[in-house]
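Those sequence lines, one after another, are chains D and H.
Going by our numbering, the first sequence opens with residue 1, and the numbers climb by one from there.
Going by our numbering, the second sequence opens with residue 1, and the numbers climb by one from there.
By construction, these hints were calculated from the structure, which means they are not laboratory data.
Glycine included, each C-beta is placed from N, C-alpha and C at the ideal position.
None of the hints are false.
Mimicking DSSO-like on lysine-lysine, the simulated pairs with C-alpha atoms at most 27 Å apart in a straight line are:
#: 1; chain 1: H; residue 1: Lys-162; chain 2: H; residue 2: Lys-126
#: 2; chain 1: D; residue 1: Lys-691; chain 2: H; residue 2: Lys-162
#: 3; chain 1: D; residue 1: Lys-383; chain 2: D; residue 2: Lys-588
#: 4; chain 1: H; residue 1: Lys-126; chain 2: D; residue 2: Lys-691
#: 5; chain 1: D; residue 1: Lys-588; chain 2: D; residue 2: Lys-2
#: 6; chain 1: D; residue 1: Lys-682; chain 2: D; residue 2: Lys-670
Short derived list, chain H residues pointing at chain D, Cβ under 10 Å:
#: 7; residue: Gln-48
#: 8; residue: Cys-144
#: 9; residue: Tyr-149
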Amino acid sequence: MKYVGQDLPHESARLHVTGEALYTDDLVTRFPGCLHAWPVQSPHAHARVLGVDASAAEATPGFVRLLDAGDVPGEGDTGAARKDEPLFPNEACYEGQPVRWALAETEEAARLAATRVVVEWEVLPAVLGVRAAIEAESYLADEIAIRRGDVASALEGAPHRLSFELLVGGQEQLYLETQAALVDHDENGQVVVHSSTQNPTETQVIVARVLGLPRSRVTCQSLRMGGGFGGKETQANPIASVAAVGAHVTHRPVRVRLDRQRDISSTGKRHPFLGRLDVGFDDAGKLVAVDAKLFADGGYSLDLTVPIAWRALFHLDNAYLLPSCSLTARAMRTNVPSNTAFRGFGGPQGMLMIEEAMDRVARALDRSPLEVREANFYVEGDKTPYGLEVRHPERIRRVWDGVLESSEYEARRAEVDAFNAAHEHTKRGLAITPVKFGISFTTAFFNQAGALVLIYADGSVQLNHGGTEMGQGLHTKMRQIAAQELGVLLDDVRLMPTRTDKVPNTSATAASSGADLNGAAVRDACQKLRARLAEVAAAELGAAVDELSFEDACVFVASSPTRSMAFGELAQKAYLERVQLSATGYYKTPEISFDEAAGRGRPFHYFAYGAAVSEVEIDGFTGQHFVRRADILHDVGDSLSPLLDRGQIEGAFVQGMGWLTREELRRDAKGRLGTRGLSTYKIPGADDMPKDFRVALLPRATEPGVVHGSKAVGEPPLMLAISVREALRDAVAAFGDQPSGEAVELATPATPEAVWRACRAIQGR
Amino acid sequence: MNEPRETPPGARLLSFRLNGEDLSVATADHQTLLELLRYGLDRVGTKQGCDSGECGACTVLLDGRPVLACLTLAVQVEGRDVRTVEALAEREAAALLDAFDRHDAAQCGFCTPGVLMSAEALLMDKRRVVSQGEARAALSGNLCRCTGYTKILDAVVDASEKLVEAADRTREPAS
Ligand code: FES
Ligand code: FES
Chain D
1 MKYVGQDLPH ESARLHVTGE ALYTDDLVTR FPGCLHAWPV QSPHAHARVL GVDASAAEAT
61 PGFVRLLDAG DVPGEGDTGA ARKDEPLFPN EACYEGQPVR WALAETEEAA RLAATRVVVE
121 WEVLPAVLGV RAAIEAESYL ADEIAIRRGD VASALEGAPH RLSFELLVGG QEQLYLETQA
181 ALVDHDENGQ VVVHSSTQNP TETQVIVARV LGLPRSRVTC QSLRMGGGFG GKETQANPIA
241 SVAAVGAHVT HRPVRVRLDR QRDISSTGKR HPFLGRLDVG FDDAGKLVAV DAKLFADGGY
301 SLDLTVPIAW RALFHLDNAY LLPSCSLTAR AMRTNVPSNT AFRGFGGPQG MLMIEEAMDR
361 VARALDRSPL EVREANFYVE GDKTPYGLEV RHPERIRRVW DGVLESSEYE ARRAEVDAFN
421 AAHEHTKRGL AITPVKFGIS FTTAFFNQAG ALVLIYADGS VQLNHGGTEM GQGLHTKMRQ
481 IAAQELGVLL DDVRLMPTRT DKVPNTSATA ASSGADLNGA AVRDACQKLR ARLAEVAAAE
541 LGAAVDELSF EDACVFVASS PTRSMAFGEL AQKAYLERVQ LSATGYYKTP EISFDEAAGR
601 GRPFHYFAYG AAVSEVEIDG FTGQHFVRRA DILHDVGDSL SPLLDRGQIE GAFVQGMGWL
661 TREELRRDAK GRLGTRGLST YKIPGADDMP KDFRVALLPR ATEPGVVHGS KAVGEPPLML
721 AISVREALRD AVAAFGDQPS GEAVELATPA TPEAVWRACR AIQGR
Chain H
1 MNEPRETPPG ARLLSFRLNG EDLSVATADH QTLLELLRYG LDRVGTKQGC DSGECGACTV
61 LLDGRPVLAC LTLAVQVEGR DVRTVEALAE REAAALLDAF DRHDAAQCGF CTPGVLMSAE
121 ALLMDKRRVV SQGEARAALS GNLCRCTGYT KILDAVVDAS EKLVEAADRT REPAS
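So here's chain H without its partners, still in its complex pose:
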């Protein structure tokens, strides 16, 4: 749905932080976060695969935890921190993005933004090398119709290894 052109009755002003930027935007009570992101704020990186919490394509991070934007009302993010795939291009997720490139983990790419957000949450949570099993569990809510998952799981494990190596390297000169 398009952003309401003015604040109609039943609409309200919503303030939250999106990818590090503080925003105030008009939203209706029943608008989902996904609709607000895609059609209200033109952040179309987050995808819509089912509209009903079944595919994971719309996964975003809310205060660092993965949530489904299609099942989250926009008003629920008042005062909170939302991160989408557009934020991952920042430096800290470079290892993850590089690993996805190297393993060719995106085929059609439509599931990729959601997969990346779930993976990012896993890596940020564990901050160590993750196992295939952990990656499978973390991504069990993200459906992919193209890859057969192998390359995605390999990429996530690989990224966790690279992150640990990088962390070790930055620690070494200090010791």
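Same shape as in the complex, but just chain D:
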């Protein structure tokens, strides 16, 4: 039985539907005497703590203590990239920042006590928004750049030229399970951290640093997450650290779970970006030169902003050749939570810049955006601005032409135009956009992974790997690979929770790389075990090692299948013969390197491709809009698990739609977040999805050099949702005279309000 490439449901499917799948906070009743922590948050975007009066809190029944910097045995800082995130700060740098934590016998008491803590503040001036940060020269890091050719003279010499500014909004991850951690000491004195983290190793490292312990004294387990999307890559660390400090001072288990309001108000989000572009092009709309300056709103600390800005630059080309270019980015420091990873990691923001340029170029020339995009596609032999040859550029055309055909684009273009001619107040729009997304961590050393596979003498198998499960189906894929490599039944392979004492020094499950890296490590471990077992079986069955087949929990001589033995029998035999039945596996992605100073190198192992056609309808009176139909053709290589991959594509697309059309983070002039819950921060609901949604995987798409010829799928499809934004723009344009030679301005996110404004603007000119 082959498992790889089969439609298999999620490894925990049964547990999910019976309510038995446990998440971190579900463990709390297993820890008798557990204490609860609740944050004291800053009401100001920037303010100094002058004094803290806990006397009223102390009178709260059940109150235990107020945690502060004096309780930290090690270093009181949880910054992942730089030590700029004090755990109990005396200067609050954003509204909602936890400055102290109340510890109590119940969550209710902790909450009550936290509200009774009186903090005396000295309010300081705040920098809010990326434009203000530019004005104030408020930087988190130096400028980064990728350059090719002499862009200034190329722009001078270009037949046409235009420039624009685009402000792209942030996005809250809104994993349905909020941040949670539970820390206890086991009978051996080991600090055991249960954390909803995408990066158990980093959580372990930071907790050890905060406690002043070697890493070997701290174990971190991530059972499963109720969604992560990047929001639990670094943001889980302070949560676990607070619980660890509490457990350290009280010698009792401590639980931290943020409620939704505290989660939204205190954790980082997708970076807002400001782009300033100057673009030169020819009569056909082919780009000649692009000068792009990006500014990322990094929030108050560095976190992952620099690699995120790099990924924005790496994707500013999307699927198009930028012959001469200067692409720069700068991480700006502002007084909001530290913006962080979110599916796409800066890539979507970079890509949006060039897609905006495509549309503006097309309108300036009175050409269709479709033909201008096509005119700029990469072809064989082309290199990216950072000097990497584009592998398989022909796949851009394959997904593009494929989805044009399957969506009946041409016929529907005519239908949409006819509809618009017949309707004054309702307009439809149609657009197609491509995605080319680079796969690998752009920081080379993260591209490694480990696995530990144990075979017991009865033939049952335990599988450990370094990746975490947040709903993407990674565990399912790892089981498929292990079962197939060992030739056992899927049910014989038990997937163990991700723990740092099984596989050490792991990378975050991020950058869509979970299956590529861990899958290759799992395969490596299984191949070692299989080779050892094959020796035993060969002797037993009187055959050569290479004559053997491992399949369906059975080992047999391929040429005469009756000469066989059960896998369990073989494992027992191997045990008696003193053959080692456990193995570690390891993988590192080959040939990854990038020279940041030069802005050149091979940051990616390969590219994933996709294209989408979206059709929308707008009500001109209200700006309300919906997606009538979306067609997607996406390249996942030879899918490891088509059912899971389709789910990733659908989910990513809808999440991307949310970012571009619904989800708006609003702050007031003092930097206070207004959208603190799901009633004001609108993520897509069942009613917001495309009314007709057709997703297909690119056939015959083997990717050589990747586990089983597959490709990563987590992030790339999010950017297919740019087609929805462009379709909205197409519909907005239909409210005005066409062609006009003028740009159609559309804010991001294109909420109904923004669309209404765009329609008004175009009708008014």
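Chain H with the ligands: place on chain D using the hints.
For chain H with the ligands alone, coordinates are given in the frame of chain D:
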């Protein structure tokens, strides 16, 4: 919040039926049903996604109708019938659970318990094949950040078809 260790002032004894079992348990007047279920009774299958009636993760059935446990006070269920996701593992919901498996309708699974309860209420109410539109409407209060909803809606429609087929089969021998 943890179950009060003894019945403190302001607390009372609450009797209700949970997943077919009659229970008496101490609760405080201001405790929500969600807190009682999760932290008082260790029925952690019901999830907490927002604590304020906005996400649907805490949906349970109260006398057969879907309610949000985070907005329901525990004292409101006195003498009433509460069903949670743990009850669905029983035979009557097998079609729904199987359909969720087959369609891989749970990704991270965190919204799933609430989604299942809303779906179960719909199927029990209609007792016929439901349309995509009906499923969308019934689930409009359940947010999911992972799936993009397609697989969930397909699973609900599929389950309703299987239920009707099963009902037809049991009727046939009688006729
Ligand atoms: S937890 Fe009840 S609706 Fe979200
Ligand atoms: S499956 Fe994750 S929120 Fe629905």
